[in-house]
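Colleague: Each chain, written out:
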Amino acid sequence: MSETAQTASATIVNDFSIMAATKNGSGSQTANLTILRTLFKMGIPVNGKNVFPSNIQGQPTWYWIRASKDGYLARTDEADIVISLNPDSAIYDYASVKSGGAFIYAEDLKMSLDRKDVSHYPIPTRKIANALETDVRLRSYGANMVYVGGLAWLLGIDLKVIESSLMFHFNGKAKPVQSNMKLVTEAYNWAAANWKKTDPYRVEPMDKTAGQIMIDGNTASALGAVYGGVSFIGWYPITPATGVADGLGEFLPKLRTDPETGKPTYAIVQAEDELAALGMVIGAGWMGARAMTSTSGPGISLMAEFTGYAYFAEIPAVIVDVTRMGPSTGLPTRVSQGDVMKAYFLGHGDVKNICLLPGNVGECFEHGWKAFDIAEHIQTPVFVLSDLDLGMNNHMSQPFAYPDKPMDRGKVLSADDLTRLKGFARYRDVDGDAIGWRTLPGTDHPLAAYFTRGTGHNERAAYSEKSADWQGNLDRLARKHETARTLLDEVAGPVIEQVDGAEIAIISYGSNDFGVQEARARLAKEGHKISYLRVRALPLSNSIKDFVAKHKRVYVVEMNQDAQMRALLQLHMPDQATKLIAANVCDGLPLTAKWISGKILEEEKKA
Amino acid sequence: MGHIPNINMPATMPGAKPGAPSPAAAAPKVNLIGLEKNEYRGNESTLCNGCGHDSISARIIDATYELGIRPEQTIKLSGIGCSSKSPAYWLNRSHGFNSLHGRMPSVATGALMANHLLNAIGVSGDGDTGSIGIGQFKHILRKNVRMVYIVENNGVYGLTKGQFSATTDKGQELKYAGHNDFMPIDLCLEAIASGCGFVARGFAGNAKQVTALIKAALNHNGTALLDIISPCVTFNNKDDSTKSYAWGREHDERVNDINFVAPYDEVQIEDFPAGVEKEVELHNGAKIVLAKTDHSHDPTDMFAAMRLLAEAREKQQFITGLIYVNPSAPNLSEVLNLGDVPLARLPAEKLRPSAESLAKLMAGMV
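As you go down the protein sequences, you meet chains V and D in turn. Using this note's numbering, the first residue of the first sequence is number 1, and each one after it goes up by one. Using this note's numbering, the first residue of the second sequence is number 1, and each one after it goes up by one.
Keep in mind the hints are simulated off the structure, nothing from the lab. Every residue, glycine too, gets a C-beta built ideally from N, C-alpha and C. None of the hints are false.
Each pair of labels, with its calculated beta carbon distance range:
#, chain 1, residue 1, chain 2, residue 2, range
1, V, Glu482, D, Met183, 51 to 61 Å
2, V, Gly456, D, Lys238, 27 to 37 Å
3, V, Ala425, D, Met183, 44 to 54 Å
4, D, Arg307, V, Thr329, 36 to 46 Å
5, V, Lys411, D, Asp239, 53 to 63 Å
6, D, Ala355, V, Asp546, 34 to 44 Å
7, D, Ala359, V, Gln498, 31 to 41 Å
8, D, Met365, V, Ala174, 15 to 25 Å
Computed from the model, here is a short list of chain V residues facing chain D with C-beta under 8 Å:
#, residue
9, Gln212
10, Tyr266
11, Tyr402
12, Pro406
Taking lysine-lysine and the BS3-like style, the derived pairs with C-alpha atoms no more than 30 Å apart in a straight line are:
#, chain 1, residue 1, chain 2, residue 2
13, V, Lys196, V, Lys127
14, V, Lys254, D, Lys360
15, D, Lys360, V, Lys69
16, D, Lys360, V, Lys175
17, D, Lys360, V, Lys41
18, V, Lys263, D, Lys138
19, V, Lys173, D, Lys360
20, D, Lys350, V, Lys254
21, D, Lys29, V, Lys422
22, D, Lys360, V, Lys160
23, D, Lys37, V, Lys422
Use the sequences and the hints to build the structure in full.
Modeller: Okay, structure coming up:
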């Protein structure tokens, strides 16, 4: 390795962002994930983010890897190291290199490379790939592995770790590991012989990822559902939620085939559209199965009528909404938190749905199983609002904790109960929590049946247009919403970090947590004391009112155009509404600490 | 024989059910499982006097009572419209689900995968199925969910007071809607095209035929479509309407006379003086015996069935009977390989994998 004395003084270890610019469908994902896995295996906190087009092949795509010795894993705006393998986006990619950063590029790139503040590293990707990869179809894949070898030399990565990452990626299959390692090694050696390192970035092994797992949120949501006892899935393909159904399809056969009978303890049905998907889920939930669907914004729109039905007829259902950018088809491969209000109020008339807001992949798993307990306990649809960044990108996490409570199947009367009670009224509040008792179809008792309907009904589920029945039912549903609020405080209450003497605070939710945590650390260094509350469920906890009361100004940080969560918070505490300041952006990318801290400082100047 | 007890076999005939009244001379008349007919009834209908749908409701009561269907092991579902109100008027001891407009099939699919052992009767209308719900209609047939799917077809939107539906005849005049310019959708043709294995058309005015069709449909191992022409006395019962009582009585051309024969019934050939056109054995040993009429039609021949329907549509013929049957296609719960215990009844220990399994998975992701 030929390192210069000049770089040693300015070395930056385990703290940088890499942006790999490739064409989608070119096989770059193996290369990107290999780097990500390698840094993870070296014990360096790391996160990968795929910024990709809604397209199958040939369009520009960028993969961001953030390595942070301090454990900050939010997106960054600036790339310390840019890998340019796509001539179509090269001008933009070159301009994206941070001053002092490194630019690795295919040597046949034809454009002016005149930046004096950047270290340039050309590499003959095609030559190396073509020389080693005899299968023509695999050559474009091979070119991506060449960058891995070059980068390994530049950062000082041990090739043995790359090999073990490839072993992980290819599930221990020797052949693809060997062929990829040949490319990596060749490129590494070429770089060692031809490059002179002039940038400051290096890696060194550390121990900050020991015992942690790396997983995407969609797989985590699927696993959560599997351990939540899901037994019926109705779904329809949609980006970025398809991974949830894929995860269920992968893990259910392994984990939920009855060892005694060899039969599945689940059913997965791909529906003709999202409307039918939720219709199936509601039919199965009515029957007493734990049923779910996964979707994104456009699917939620189609599910509006059924959601309102299930809210009003009081049928459990779980809807995992991996949110993407709307309105309309929007940006299907970019993140946003634009469904918060819609999911909460989805349906016509006065509807308020329970929503869970996971902030990391661990909570994707946790909410994955808890959603069923909540749905069956409250007898209502429950949304889990994950997002594209959580769902489709790889995140580090502590291993998931096994459910700490037995399943809560809610209030269900058996045939024996009916004999003892001599009947029941489906929608009567007998326990004071506004939740009625239900029977499941097939219950062998002449008094078990009731008629489920979306039309007006009385306590006995009989059709009724009487004002008193209607108003009484809506009043009970409002009380049931308060029961839900209390339950959610127990199972998904807000995470509060109260800072002594803080005048200002941040309220946020979901995957914004990464950016908010880093922004708070930055601002704390500059002397700003900022409390933080992370919302994890709707309806909003009453404890949020007390939190806001303790501060003068509260910034509501979120990724949507209309500051939807702020509006919900203002409705929740009208007397404190003016304290809540919108800190929102909707550009399709996960929030950065730089943007959040900048926004707060800008607003603070006005205060 | 399938593992699904659609109907009660002789083993469960009177006396077998604990607590069933013994058929003493003075005792009320009961069926195979000791239930009186009253126990198959529902609330009083709120439809117009003379509505064809009420006749169909009565036939559902007759068929389920005569077959000895267990009401508690049966669900009834519907969409939205006059027809979809009707499940409230029969089988009060069965759980009911009055769903959304055109969306009964998806609810039925989910419900019946969660418990595939139950019987299901779905009721829809020509608007509910032929217009807003045609997608779900075709997809449930394609998936072959085991249920009876009855379309109470009157060629008009009743509940919204007289608009044309997708099955209204071309050229028809209605007081509210004016002149209809479009060809009707033939739901039986659509059903065959979608892979349905039991397609029949009936006329609400022919009680014997409708009862036999419902009985056979309840024993079909998949989705059974019954397109029953059911006159709307308020909006579409003028004598020149093909959906009217008068038209049905005058023009009903039965392509066969359907008779349902339970496995324990003894039927003699002499019972069919005109002769037997065809016998079709169902998955559970029950039989459909088709007696001869003036027509000659083989309902096991899909292409013949499609031709019959296409020609009838062209000539505006009012044909009824069992048009197509294929008893051998697997239903959705069989395709999904579901076990003997319904998913909705699996205990927690079957639903939540062990802590060890999670620990093992997590170890593989480190």
